[in-house]
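Below are the chains, spelled out letter by letter.
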Amino acid sequence: MGPVLLAIATSAAILLPVVIFVVVITVAMVKRGEMSMRGEVHEPSVATAPAKAGAVPRRAFLSWMGVAWTAFAASMVATATATGRFMFPNVLFEPPTTFKAGSPDELQTGQVDERFKQKFGVWLVKDNDVQTGAFGIYALSTVCTHLGCTPDWLPSAQKFKCPCHGSGYYKNGINFEGPTPRPLERFAISRADDGQILVDKSAKFQYEKGQWADPRSFLKL
Amino acid sequence: MAKIIQLIKDRFQSVSPAKIGQAIQQTQLYRSVFRVGVPDTDRKRMLVMLGSVFLHLHPVKVRKSGIRMRYTWCMGGITFFLFLVLTFTGLLLMFYYRPTLEYAYADIIDLREQVPLGIMREIHRWGAHAMVIAVWLHMFRVFMTGSYKPPREFNWNVGVILLVLTLLLSFTGYLLPWDQLAMWAITVGSNMARATPIAGHEGPLASMVRLGDISLVNNASDARFALLGGRFVGEGALLRFYVLHCVGLPLVAGFLMAIHFWRIRRDGGISGPL
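Protein chains in written order, with my numbering: chain A, 1 to 221; chain B, 1 to 274.
Just so you know, these hints were derived from the structure itself, not from any lab. It is possible that some hints are incorrect.
The list that follows gives simulated cross-link-like pairs (lysine to any residue, SDA-like), each with its CA atoms no further than 20 Å apart [as the list claims (entries may be wrong)]:
1. LYS64/B to GLU94/A
2. LYS44/B to VAL60/B
3. LYS61/B to MET29/A
4. LYS64/B to ALA71/A
5. LYS64/B to VAL27/A
6. LYS64/B to ILE25/A
7. LYS64/B to VAL142/B
8. LYS44/B to GLN25/B
Heads up, incomplete: computed chain A residues facing chain B, CB under 10 Å, no partners named [what the hints assert, rightly or not]:
9. PHE72
10. THR83
11. GLY168
12. SER190
Backbone N, C-alpha and C define an ideal beta-carbon position, used for all residues, glycine too.
Chain B extracted, bound-state conformation:
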């Protein structure tokens, strides 16, 4: 009996949290997830930044000047954070919202009155307003610090396209509640497309695009028609704006954001003189 107790004692004396940790780290499951061990040297730490899919957009080292809040206002980061918030809350809203004439407005009311956490749509809306403001402030800061100058001029242009995409996301999202405000705002807004040169049927030079007596750019074949999927803001426009708002524009924006962030690093790092 004493022998057995001694045997058990010996067994458990060799067990310690450190040894359990080591045992876990030697399992195939752990090794398949974390291929290299703990990065305990500067060289290994650098390799982690290069090799990890989550970290590879981030620079290996950040200059101290890069965290000067007065210089960057963190506006680019705040914009990206708001984009993530909007993506997440927008995804949740998609579970309840149906982009049809019959359901759109009712679903918006339902989201506020019946669905748990009626704040969800408001977070999405406030976040959208905040993102437009943050993008403008970010642009203002970049302009005032001269960060658009070479070699960063390409990234400035990417940023301008991202600004337009942000405004288009805001514009397309505005129609989705399908209330009077949305209807007439999009009616007025899309009427501007009538005046597009050549491509809008009331725009300059549009009347010159014709085959004999037949005008090729009319109210059923111009830029506004392509935007609305019809001659007025109706079922087609709602579905078109919904698809652009939820899929099309975020995809393009995400693609350009990846380039934008990567070019910050390639062009000499964040917010410092070169």
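Next up, chain A with everything else stripped away, as it sits in the complex:
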């Protein structure tokens, strides 16, 4: 029922002022004798012809036109508003920002897990923390911190290598070559109630700001 009412209200907001505009202008012009609904036309032009008895005087005609143009402007504003709103969809078909990534036991120590790269843009790594040396799992963003391409994990070279401009990162996400100015970002990682890894992409942690010390950026095992 809601969408139907909204649709009716919207079309009324757009159409009504247009109708008012057309009706007011038509009535005013007919009354002034500038337009005829019956087909007969008065020549020469109205400007020189004597005004008909009971015709709308010039000043009143102008204020009628004011009403008409106000209604027209209102309909234009309503149309622009409706169009703007149309460009912001209510439902997105994107993967959720928070997802479960299976049991920590499924990951092998020292390996980069690429299962969630394609859909969620996340690498899971089970290794020691670069700062504290604690053992656990961290979730790295697959977005290159140079210009936003997606790097590849090269197992033989043990590094993330960006194909766009050659930026390189160690397995822990720290940059060491190429034009990139800073390390890869981490996402918030924790345990769900059922023991699975829970990655929350809405919270990110940057090494150069000291945020990797935040316990939410590292899942201790």
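We have chain A already, so just place chain B on it with the hints.
Positioned in the frame of chain A, the structure of chain B alone reads:
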């Protein structure tokens, strides 16, 4: 102190809305946009109609008979207005609709249920129905008032092509929701192309187009195949109809409309006896 106040007073006494307006009109920015000033004589007003890209299709002067509603019904204008509405709403729909077997129907449902202003597709559909009706009424009026007679006979023919284009736009748009109604309507409709003389494989004379034993016009090489991009209404037909509906046909229609409107003026103006 009093001197300074007097100085400021003098400064601001010379400022008035009229002078600000004049100052704006003397800037290079304003002059680059509005090259000639306010058209304050009849001659200048006529030149505006000739020189403005927005107004040059419009006649310099309109006869009083041209606004007699009973005579024209304003049907041509209403048709053009509906074309603009359909272009605008169609453009908006293109932001959400994907012409593939996987997404087409789902996107139509999504446009109704989830996207803001579910009325948008309905405006497009109602507008399309209204445009077909308005075009017929316009043609009926032109016929009844004898406005197809020389020197307007060329414009009548342009109008007939525009009528066909309107019907083709309606036909191609009908497939895009990709529901059962659309599928079978286009299946039935495009089957008519089988019977095209020579170019349709079931049409008259088609069997005569052959090289020895090989028939050159078969169900994979005839007019219907070209229309559908396949032997039945499928992925190819959907994409083909989408491109025709959104780009091909509107481009041709827009081109012919420009000629149509221009010829109204060249052939003696709107709706009056010559």
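Structure-based check of each hint:
At roughly 59 Å between alpha-carbon atoms, LYS64/B and GLU94/A are farther apart than 20 Å, so this suggested pair is violated. Only pairs whose Cα atoms come within 20 Å are accepted, and LYS44/B paired with VAL60/B is accepted, the gap being roughly 11 Å. Proximity of LYS61/B to MET29/A is assessed by CA-CA distance (about 18 Å); at most 20 Å being required, the pair is judged to hold. Between LYS64/B and ALA71/A the CA atoms are separated by roughly 26 Å; this puts the pair beyond 20 Å, and the hint is violated.
The hinted pair formed by LYS64/B and VAL27/A meets the criterion: a straight-line CA distance of about 17 Å does not exceed 20 Å. Simply put, LYS64/B and ILE25/A have alpha-carbon atoms about 16 Å apart, close enough for the 20 Å limit, and the pair holds. Distance restraint check for LYS64/B and VAL142/B: the Cα-Cα separation of roughly 18 Å lies within the 20 Å cut-off, and the hinted pair is therefore satisfied. Taking the CA atoms of LYS44/B and GLN25/B, the gap is about 18 Å. The hint holds against a cut of 20 Å.
With a cut of 10 Å, the hint placing PHE72/A at the interface with chain B is violated, because the nearest CB-to-CB distance is about 14 Å. Checking THR83/A against chain B by beta carbon gives a least distance of about 7 Å; that is within 10 Å, so the hint holds. Annotation: interface hint on GLY168/A violated; nearest CB of chain B at approximately 38 Å, more than 10 Å. Hint on SER190/A is violated. Least Cβ distance to chain B is approximately 31 Å, over the 10 Å limit.
Comparing the model with each earlier hint shows violations of hints 1, 4, 9, 11 and 12; every other hint is respected.
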